[in-house]
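These protein sequence lines are chains A, B, C and D, in that order. Read the first sequence against my numbering and you will find it ends at 296, with the numbers running on by one and no gaps. Read the second sequence against my numbering and you will find it ends at 296, with the numbers running on by one and no gaps. Read the third sequence against my numbering and you will find it ends at 296, with the numbers running on by one and no gaps. Read the fourth sequence against my numbering and you will find it ends at 296, with the numbers running on by one and no gaps.
Hint data in this document are derived by calculation from the structure and do not stem from the laboratory. All residues carry an ideal CB built from backbone N, CA and C; glycine is no exception. Please note that the accuracy of each hint is not assured.
Claimed, not checked - What the simulated footprint calls covered on chain A by chain C, stretch by stretch (three residues with Cβ under 8 Å from a Cβ of chain C suffice, anywhere in the stretch; the number is not a length):
#1 205 to 215
#2 219 to 228
#3 243 to 252
Number of protein chains: 4
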Amino acid sequence: MSTTKNNTAILLIHCPDQKGIVAAISDFLLKNNGNVLDIEQHVEKDINHFFMRVEWELTDFVIPREKIEDYFATLIGNKYQMQWQLHFSGKKPRMALFVSKMTHCLYDILQRYMSGEWAVEIPLIIGNHENLKAIADRFDIPFHHVPITKATKAAQEAKEIALLKEHQIDFVVLARYMQILSDDFVREFPNQVINIHHSFLPAFIGARPYHAAHRRGVKIIGATSHYVTADLDEGPIIVQHTTSVSHKDSIKDLIRKGKNLEKMVLSEAIYLQLQHKVLTYKNRTIVF
Amino acid sequence: MSTTKNNTAILLIHCPDQKGIVAAISDFLLKNNGNVLDIEQHVEKDINHFFMRVEWELTDFVIPREKIEDYFATLIGNKYQMQWQLHFSGKKPRMALFVSKMTHCLYDILQRYMSGEWAVEIPLIIGNHENLKAIADRFDIPFHHVPITKATKAAQEAKEIALLKEHQIDFVVLARYMQILSDDFVREFPNQVINIHHSFLPAFIGARPYHAAHRRGVKIIGATSHYVTADLDEGPIIVQHTTSVSHKDSIKDLIRKGKNLEKMVLSEAIYLQLQHKVLTYKNRTIVF
Amino acid sequence: MSTTKNNTAILLIHCPDQKGIVAAISDFLLKNNGNVLDIEQHVEKDINHFFMRVEWELTDFVIPREKIEDYFATLIGNKYQMQWQLHFSGKKPRMALFVSKMTHCLYDILQRYMSGEWAVEIPLIIGNHENLKAIADRFDIPFHHVPITKATKAAQEAKEIALLKEHQIDFVVLARYMQILSDDFVREFPNQVINIHHSFLPAFIGARPYHAAHRRGVKIIGATSHYVTADLDEGPIIVQHTTSVSHKDSIKDLIRKGKNLEKMVLSEAIYLQLQHKVLTYKNRTIVF
Amino acid sequence: MSTTKNNTAILLIHCPDQKGIVAAISDFLLKNNGNVLDIEQHVEKDINHFFMRVEWELTDFVIPREKIEDYFATLIGNKYQMQWQLHFSGKKPRMALFVSKMTHCLYDILQRYMSGEWAVEIPLIIGNHENLKAIADRFDIPFHHVPITKATKAAQEAKEIALLKEHQIDFVVLARYMQILSDDFVREFPNQVINIHHSFLPAFIGARPYHAAHRRGVKIIGATSHYVTADLDEGPIIVQHTTSVSHKDSIKDLIRKGKNLEKMVLSEAIYLQLQHKVLTYKNRTIVF
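The following block holds chain A by itself, in its conformation from the complex (with noise of 0.2 Å):
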């Protein structure tokens, strides 16, 4: 949870568990003039694979930020068989939110962005509905509305496409979006869309997990974030949280608590998202 400074940079890498990983990455840093900042590794013992997020100050640092990408790909990447990705601190991601027509979400994200809490663009609002342009219009934010039926799926989602590599979004958040993203939208954007789903993950997958909730008689109900995969609901996991509920509780109070539980949820999942913090691998998440 520490605190990224405005000149960073960060490596999220996983690879085959071997012998001297943190000592070639701490000893590149180190002969290259990269302060470290942050380290963080997660060994999973029973598959034998290495994990880390690494984050350096790029002042002093003596490869250039264009190169850096090159050099540890031929210094250590390759002799490790490491997957890695690359992010700067200094440039805002741009973020996409799709919305349908609840507002909780997308007030809870919209104070968040305007306030500073978060560094981040928001280039676009896609709607299937067109309930919240209203919101997106107060806000100064371009809405797109984009209904969809069964027949036009197929073009609506190209156009949605399209409209997401035109503003070169970096990921894609689904605020209480009510539609179903087709397997090919999803691999457009693999682990880029963050959805939020209202049950405590794999309880209640599904449509109306209020309902099932209420019925099944269950004591707490949750929220999970998670990235969108061609399973519904089968996702890796991000975040989760749960409330205590009773019998006093109707259908509409579990719905009302679990929309404190959703938002907290959902732009928790973004912060972790924003801040670089999230490996996804086999399904599952290091959210270091």
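Since the structure of chain A is already known, use the hints to place chains B, C and D on it.
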């Protein structure tokens, strides 16, 4: 947490504990054709004091609305030395917001208001700074800029009190309002001013609680909503929540995490207030 | 959560919702000199069903203990088509423990029993393994070793049922008992067998839930206490708790953390059972 | 939370932050054939101080166990002005328990000890009352009755210190021990005495925190484990948890609910201590 209907009456009662109170009240309602929707009682045994909240349907109730108070006093209330409040679910309470510069609580409240989650009127927002006027404008709520200095405090508070009375305000919410209300102000609105304090009271009373929490090295932080009394941060507590923190969290992280608690805790207190679920007695609350 | 006294009666009631139930019961108690200590009611509005728990002092109550059931039936119960249970706080419930090899829930229960936290008798412990006999011995509680194989299951369960009847057991607690009870067994003790399942049901039903949770990559784990019914892990839920986990937690860590939840959740359910605070209706619980 | 192996070394380090520390240490381990299992670091940015915990396998490590301290000091530690502790996972820490009359923490600890959840030795239990001797006997742990009065305190504490030294105790756990240790005692065991305080510190310091919590009308209660220092209840906090309470909870209920927190929080602190996961610096803890 049961859903309240549109045409109900709610009695909040307390009195010295005696035999027969529940029987007397339920008999009174039954005889006059009032269908009880919800009845909750509590006896504080160490002080032998009785508390009750009862809600009933008015549709077939034989006593007219405007005479309930009188009949109840004569037939029941006086006999048992009761203190009580009578509310009608059909009448939306009128809430005033006091703000300074921070937006997280304000947006959280306005989203709930706009989406119809709450049955409430917000006739005005008062700010000691002008910063949040733009938000009030966006939501079409009149904003009054009432700056306060040591020299102008008495006069400006008088102006605020006049505004609140003019708009027939039922209760005031301090949504991270960074001014301490004078005793005179508080006396005008007993148990009608709800504040959010950014710590788990009674820990870290006063200014900069996140800084103090960081210095002390706590592993949890919290937020507390309470009624404002003459003693700073000492009023009856309505809602408290906590969340985990670690050595990795800087003061900035505590502030960010704390905001999630603050808005949730404050909005929960407002919800309880709107449902007429809170009774105050000797600096503690009964939250039905 | 109010403290119950030593000479009180408790009625747990449910029936179709009708006008006048609260008035009828409170009048019945008042007229017969029964001082009400605690009264809680709940109406499940979607099915129009009424639930109540009422506790009153017996000291001056004019109806003798052994006739209360009869009088209540005649004067109130039959009229409103009520189902009810009558309990006396002075009588300690008799609880049997079923165990296998794990000790965490057993010790937690025995510590509360020995320290006087609970008013309960534990006349016997039944184990399908002999491992925990030494602990039972230490606490001077008779231990019955009843090993179970597929072939012997029916006969051994018959033996268990005989033991439970012989010792006039009021309810059974499965303290991480690793055998599935047959339908016949369950039918003998409806809503009288409390189990602890090591997941937040309905997620991860069945065997090895921590392994499944680890595979799914959840960020919370949980535990659930519930009444045992013919459907495995599908009975009415009494208590649930969850705790946070992360990618750093191995399966072994989940098991360790989960044990904390299991013993707390199971002991909380036992406490509620001992206080006669739980009513079951259509596979859900009302926990007063 | 990673599982530690049986033949590993653990270094807990802190020093002024400087470039190259991670590189130096990981290089030292790599060159000497020490396979790193876990490495975590933290920089406290406002005071520019560096903290690290690193664990590596000893199997192929070329420096013999008994010389690691010397080599590390010469090659790394002195150069960076480090303070460090070296631990070996193969060696079970020796823990003494101090108790008075309450059993909940004691049983919780002993259950974990007996079941093998913890790798620890418990050579003795010291009680200022004799009440818990029977439990110690049951678990075959020597019990020393050391009653303390104002007059005998100095002498009796000297006896305790002698016992602890004789049994080569690594750390002391006050399992609801109702005596305040003298400064002299504390000075003998810096950061080696773990206490459980039954409130969310810094709220409700001192005696009878549940009574104070009830009086204040809080909606959460908590428990705090911390290292004992000369200032009562002011030492570095290791673990804190909270739980919700309501107006229905009497002081007796708070005590009952609080016990659940106390034993969980204390046992979690002991676990972290046993894993050598806690570093203390300037009255705060780094919990890796």
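Going through the hints against the structure:
1. Counting residues of the segment 205 to 215 of chain A whose CB falls under 8 Å from any CB of chain C gives 5; the rule of at least 3 is met.
2. Coverage of the segment 219 to 228 of chain A by chain C holds in this model, with 5 residues showing a Cβ closer than 8 Å to a Cβ of that chain against a need of three.
3. Under a criterion of three residues with beta carbons nearer than 8 Å to beta carbons of chain C, the stated coverage of the segment 243 to 252 of chain A is upheld, 7 such residues being counted.
When each numbered hint is compared with the structure, no violation occurs for any of them.
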